[in-house]
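Given chain E, work out where chain L with the ligands should sit, using these hints.
There are 2 protein chains.
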Amino acid sequence: MAAGQDWLKLNDRDSVLVALNDLPAGTRIEDGLVLGEAIPRGHKLARHAIAQGEPVLKFGIPIGVATRPIAAGAHVHTQNLAFQPMKVNWRLGGAALPQPARRSASFEGFRRADGRVGTRNYLGVLTTVNCSATVARLIADRFRREVDLAAYPTIDGIASLTHQQGCGARGDGPNITLLRRTLAGYANHPNFAGVLVVALGCEDNQVHDFMAKAGLHPSERLKPLVIQEEGGTEATVRAAIDALKTMIEPAAAATRTPVGAEHLTVGLQCGGSDGFSGLTANPALGRAVDLLAAAGGTGILSETPEIYGAESLLLARVTEPAVGETLIELIRWWEEHARKDDGSLDNNPSPGNKAGGITTILEKSLGAVAKSGSSPLTAVYRYAEPITAKGAVYMDSPGYDPVSATGQVAAGANLVCFTTGRGSCFGCKPAPSLKLATNTPMYQRMKGDMDINCGEIADGTATLDEMGERIFDLMLRTASGEKTSSERLGYGDEEFVPWNYGATY
Amino acid sequence: MAAGQDWLKLNDRDSVLVALNDLPAGTRIEDGLVLGEAIPRGHKLARHAIAQGEPVLKFGIPIGVATRPIAAGAHVHTQNLAFQPMKVNWRLGGAALPQPARRSASFEGFRRADGRVGTRNYLGVLTTVNCSATVARLIADRFRREVDLAAYPTIDGIASLTHQQGCGARGDGPNITLLRRTLAGYANHPNFAGVLVVALGCEDNQVHDFMAKAGLHPSERLKPLVIQEEGGTEATVRAAIDALKTMIEPAAAATRTPVGAEHLTVGLQCGGSDGFSGLTANPALGRAVDLLAAAGGTGILSETPEIYGAESLLLARVTEPAVGETLIELIRWWEEHARKDDGSLDNNPSPGNKAGGITTILEKSLGAVAKSGSSPLTAVYRYAEPITAKGAVYMDSPGYDPVSATGQVAAGANLVCFTTGRGSCFGCKPAPSLKLATNTPMYQRMKGDMDINCGEIADGTATLDEMGERIFDLMLRTASGEKTSSERLGYGDEEFVPWNYGATY
Ligand SMILES: [Ca+2]
Ligand SMILES: [Ca+2]
Ligand SMILES: [Ca+2]
Ligand SMILES: [Ca+2]
Ligand SMILES: [Ca+2]
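Going down the list, the sequences are from chains E and L. When we follow the numbering used here, the leftmost residue of the first sequence carries the number 384, and every step to the right adds one. When we follow the numbering used here, the leftmost residue of the second sequence carries the number 384, and every step to the right adds one.
All the pointers check out, no bait thrown in.
Treat identical chains as interchangeable: a pair holds within one or across any two.
Straight-line Cα separation of at most 30 Å, BS3-like style, residue types lysine-lysine; simulated pairs:
1) Lys-773 / Lys-866
2) Lys-596 / Lys-628
3) Lys-606 / Lys-830
4) Lys-606 / Lys-628
5) Lys-596 / Lys-737
6) Lys-392 / Lys-830
7) Lys-830 / Lys-628
Derived from the structure by calculation, the hints contain no laboratory data. In this text, all values refer to a predicted model and were calculated from it rather than measured experimentally.
Bound conformation, chain E alone:
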């Protein structure tokens, strides 16, 4: 894309361009292409004549078919473009995709005893139940006062990650099951050098039972503490400080060493999206994920309600039938879940989306799915399940950012990349979270919260490929220890939000 252009070409194969400004009829786009009518900002125009029944391509992928003949330079929208369910032969799917050229890349990480790699080196305080949340907070507060962490430059700090659940729930119900899976993922996370798990004692989510079933064994780096056994708040805080002090030296002894990018697992998020999310930050992040996948790393796409109705986009990329079947099972589960809630999963473009230039559900979902790039989809996971596959993978979650990111970090993400148009503020200790702005005005207004300005793509000062390289480079630098905006501001203790959807009794 040339700098300063009024339009954006997302893929060489596309049959449409996207207007970056309101363009009057008669505007000359390029040699031989002149607008036959006015095109509003964010809307699509035909690059060439499109026959009735022909697929219309955006991001190199069909977003629907022409419902009548479309002239070159015409406005492409609801009057001449409609969704048509794609017949995807997903049993071939991603196996047929061009394999990305291998590429090598590395970062400086903390290699743990189990072979996994941390991008940060935190001490952590987890809780089994809300009833131990204040004790967890008091522990972290007192630890910060009593221990001069500045003397231990390799330790990133102490995080107390509290939540609102853990009791008043069926032991075999979704609340406790998802909470336990999430807590296990955090307790095991390679970004933690040492973890306390603080329990009250009488809660449904019993700490010893939780740890035993999750295969977590008390050790020098993982210690459960039960308030009712210790003798109350003060006694527990004292015992916790003592335990944490024994964790300091081993934590401080950890050092960063060069490791391959196959040890980088990146959770992909979008929140507070705007009309430019699908044009700038999301596809640029997708380019970076393609580079990450080519270097052996992992990118995790999630937020099932936001891809609903456009599963074909992902099914077309799966590497084997079982992966596609699991994805379809998730979709069916969500339909039933919404039905029980008297809600719906309608992900069709809203009147606001349409006014902004989005015509079909596939096009809308493409904007979200674009974050995951175009590599084959190698695996599908349930919420907070440990992720071991490489390349682009899928993990089920709601679209609500803190819940989705918490599941990804529990699954092993050691970095999160979060695109935002409206300006979401977010952190998720112990993983760093990069904030990718979709537009320059918001980036300028909220510079202190943002890490990179993908609005440059719409401004014409960077191409998608260039921005993809910059994001990938920033991923590696961040994984190597460079601080993100949200880390500098102090985000990440409040945003631990395990998915909660069962009844509370």
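This is chain L with the ligands only, laid out in the frame that chain E set:
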């Protein structure tokens, strides 16, 4: 009850006594009453002969009927006592109860412009969504650093009450509806001298819409702040500190003045219950609630799943049919709610309950209901609805403590009384929370967390009536400013947990 006795008589009308220790056969209880068999600790013995079919009374209320003749001094349990659904003529109900003798009592409270009375004088930071939680926390942290609150002795502090909801939910669904009702109750709470409501900007729970619909108008004491409008984290924290600074002088000018006990609204909670909860702390708290009701104040009973199956206990006390009908509607709603969750509301005594001496569902529920005393039940409310009725009232909630207490404080509770056997730790800013221990060993072990030892009733060093007077006196002193254990320890910021049961999208 005489000091040092081995047994407890809960009500003069009772046909049973409760053993406080394991008592061997032949033990002499009182003149003419000798045990015909061994009675385990916590179990019931017959005070006198009971005929087959005769009701068995405990707490002065029938807990079931004798299934065969029971001799004086015999063990009363599952072999000779069974639940029989009570036929309650609740259309008469509480109207027929003896009205408590009026009594006057007062405390020193903060009288607000709307006539309501605070027991504390806090500044507060609320959030519309989890995405503004870190900013709320940063605001409170910076305010504490920048402002020397010790210079303002009438201000109790600043509370930042964050939560995990507010987006990814149906706008008309239960999550947003209950969250808004809860937030409105806190924003309006007489224990707050001034409140900020921090929003992100793009969340489902839009702050301006929330405030307008709740009848909340921005003012010097109530100010919304939107991160995306202010320009990010740092700008919002600065604007918040400026706004809070203008709230200091008006807050500091508030002074305590004597007010009648009709301005005291007490949320009743039990958590981490044990076999003594229903024998000591709960009935003693009930005595105190009777004194409070007689003085014109309000006691709020909640925790619907814990009274399930024994609604008759409450229906027998309602003052008019509409109150009983609303309670029955709540019960039906919970049955449907549990059904959708694939769960159940079974509140029958568990094998553990039975081993501890509890025979019937009525007896088990009586232990929980005893917290509310014996005054007529004047009103039934839904979760977090503003409570204006006086006397004993009911508010629907789950049994999970932080959710239930959050609803009560939102409804207007300016004090919480929390009984606990295992040793729950809890606080709920801006309301103080008294912790009532059910047994002496736990009280001794967790003295720093507890406020009063109702274990004395089982020890024989205080009667239920004496303990009720002591609790009522402590309620008034606490309402007048005496600090509770949980306030000294720093509880109350983490335990703001609005009820959340809808789907997250
Ligand atoms: Ca999204
Ligand atoms: Ca999202
Ligand atoms: Ca919190
Ligand atoms: Ca209870
Ligand atoms: Ca409870």
